[in-house]
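Chemist: Protein chains in written order, with our numbering: chain S, 1 to 559; chain C, 1001 to 1290.
Don't read these hints as lab results, they were simulated from the structure.
Virtual Cβ for every residue (Gly too), placed ideally from N, Cα, C.
None of the hints are false.
For the chain C half of the interface with chain S, some residues (derived, Cβ under 8 Å), not all of them:
| # | residue |
| --- | --- |
| 1 | 1037 |
| 2 | 1041 |
| 3 | 1056 |
| 4 | 1057 |
| 5 | 1256 |
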Amino acid sequence: MVGGRIGADGIHGATFSSAPLDEAAPVQAVQIGDPITQKRMFDFLLEVREAGLYTAITDNGAGGLSSSVGEMAEGSGGARLDLTNAPLKYPGLAPWEILVSEAQERMTLAVPPENLEPLLELARRREVEATDLGQFTDDGYFEVLHDGRTVALLSMEFLHEGDPDLELTATWEPPSFEEPADRAVDIEAALPAMLARLNLCSGETKARHYDHEVKGLSVIKPFIGVGQDIPADATVSLARHGSLRGFVLSEGINPFLSDLDTRAMAMTVVDEALRRQLCAGARLDRIAMLDNFCWPDPVRSAETPDGEYKMAQLVRACRGLRDAVIAYGTPLVSGKDSMKNDSTRGGVKISVPPTLLVSAIGQIDDVRRSRTLEPKAGGDLVYLIGKTADELGGSEFYRYLGESDGRTAAANEPQPYVGTGPPGVDPGRLLPLYRAFERASDAGLLRSAATPSLGGWGPLFARCVMASGLGLDLDLGEAAGRAELDLQRFLFSESNGRFLVTVRERDRERFEAVFDGLPVLRVGTVDAEPRLQLTTDERTYRWDADALRRSFKETLADD
Amino acid sequence: MIEALNEFEKRTADEKIARRREVRVLILTGLGLNCEAETAAAFRLVGARPEQVHLLDLLDGADGPRLSDYRVLAFIGGFAFGDHLGAGFVFANKIRHRLYDQLLEFIEAGGLALGICNGFQTMVRLGLLPGLDGDYRTPRAALAPNDRLGYRDAWVRLAFDEASPCVWTRGLRQLELPARHGEGKFLAESDELLERLERAGQVVARYVDGTGAPTETWPHNPNGSPRGVAGVCDPSGRLFGLMPHPDAYLYPFHHPRWERAQANGDLPAEGAGLRIFRNGVDYAAALNAP
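So that you can see chain S by itself, here it is in the shape it has in the complex (with noise of 0.2 Å):
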């Protein structure tokens, strides 16, 4: 074992990640963190890794030793571990305690006998912790000993295989909210308001109490534009010093389609991702994505007497997932899932809406030819691509339309006005536009590229005007017309497969020709001025750059 000492902090750790934690939960449940143990182990094992004296290593997370020995032993049949000499941050621990503390900062290595003193000797001289505490054997057996005393002995068998797999019931019963009332909105006002809105505004003074350039590697940082204070769709990285090839990462995150249907909002989330990859210019081929369930107690109990239901719900995100990574190859490579986020205050249980966060990483041949959503010069041409529907069940724009009215929520109710018909996501209709994109982007015809989320086209115009300095000058009669929408739905609607690029006017020919027969339309051009200008058959909407931006940063500003 190599990092921290084994402390009390941490016992039962995995139990109560998944557990209402209240005052009078043990102050142990919770892990004490060490930022400095850690990076000095990390350089450590970065120096053993090189020299090669491990063959296999595994974090001591939920569960500590137990897990990752008992896990690790799975290799070669079985393990005795002496906890005789474990370092403890104290005295006073029992044999159980020591086996399952989850202190943090420590790792557990497979290490060839022979490599054993030379990599005490290097651990010696790095002043990190590392301890020989006992030996992987093929018996069969998990065995753990304390001062020459057996304290565990368990086959290895019945540590893997003997927990008996779970049968829980799980009804599907498709909720039904109301649409709400078709009601014009002013659209002058109703776009800063909705930059303003949490869930859409600059969180640019947040992020950057994080360092995002160590290591000297950051192509395409966290926030772009003039102002460099424009969310990217995605980041860029070299993937090392000496080579240009590099890596994109993007998420995708909408708990709020969770109201409407699970399998929407998890196919949502990993378009989303998909899409972002694409923009920053990663190839489709070379994309992974992570799955992260942040997810309501789903077992039907006293205290959740929905649990069948919410049981459906996670049934419905796990298919849904399954169904969009197979369609578009981009496999999920890890993941992790925390699945009680409930919590009982003043007789009122709060859950967390299902959530599902998805990351992707992408590859990238040669960083130079990544970009952001920032339109290059003025007289461009602006092209929407992909359909927009009437998909605005769920949408952030239903929510500011509930607030406008004066609705709340009531606690772990859905917001007002979640409408009905979350965005669809067809695979199968959208790859041939994701590929057409992809040659697009690989013959340099893409001088800018978004893809619109939260909030759909509206701000998604403002971010691409914002981090420019330059305008949109843009005609949505058609486009709108095409949608069969009324310009505020087009504006507002959430559909998912849709991107803004601009090209140059040169290329316009050769641009058009490679999505023929594809939902592409030009709309307008990237103006000089930096404003944000729609118009429809009826008027002109315009909106000054700096306008906008005060509406996107009042909220979170930073004092």
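Could you slot chain C onto chain S? The hints should help.
Modeler: Leaving out everything else, chain C in the frame of chain S:
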């Protein structure tokens, strides 16, 4: 010294490459420092021979590497020992108690040192900077917590004192670099001392606003440093430390506006932060001339 540099400039490209390659650079690593990869890349890109050495291996003495084997010493960015007792404090004490004689010999012999961020904090804690009157042991300044908002990662603009003796910044007028720190407010022990540093050209780099004027105002000045002080050298100009990171602007596409510059056709050929490293390495290469 200017003569030696002029001589160096006159050499053929091949001779320059050969001389730069003889410049061994010691990059101290470990214990929570985290900018070793980019600092090594920077010195490699300008033709020198960077070597990463764990501080504990250097302190070890015995058969390990010795400071006198190197021409340039780099104190890099990071959070040595977690900065628990103040930025750079424990790291500086380790050096003070176990390496000081070697370090003073290194300086005496004409060695160069560059401190970036946590490295600058360490050099100030040690007294290497501002290093007045040949005294490299007595701390005369401190890098205090930022006036507002704590740690922050954002690009700033620096202007350089062109009359400074600093060998690392020759020919530099302005540079954009990211500031990434929570303790960067340079406080000299007295106003007189700060004035003396300014007169001697030891205030090498200052934060400037959009008009190019030195500023104490956030966000152009990220920490509230009086008179905008961002970087300081010793009287010889060979020891230099600054808070912002030249090691984070090695490639043209490190700059936050590179993509627009590329679209406009005015992307530079290399990252502007490299000039600081090239200046130092060329100086060391010129000094070594036969």
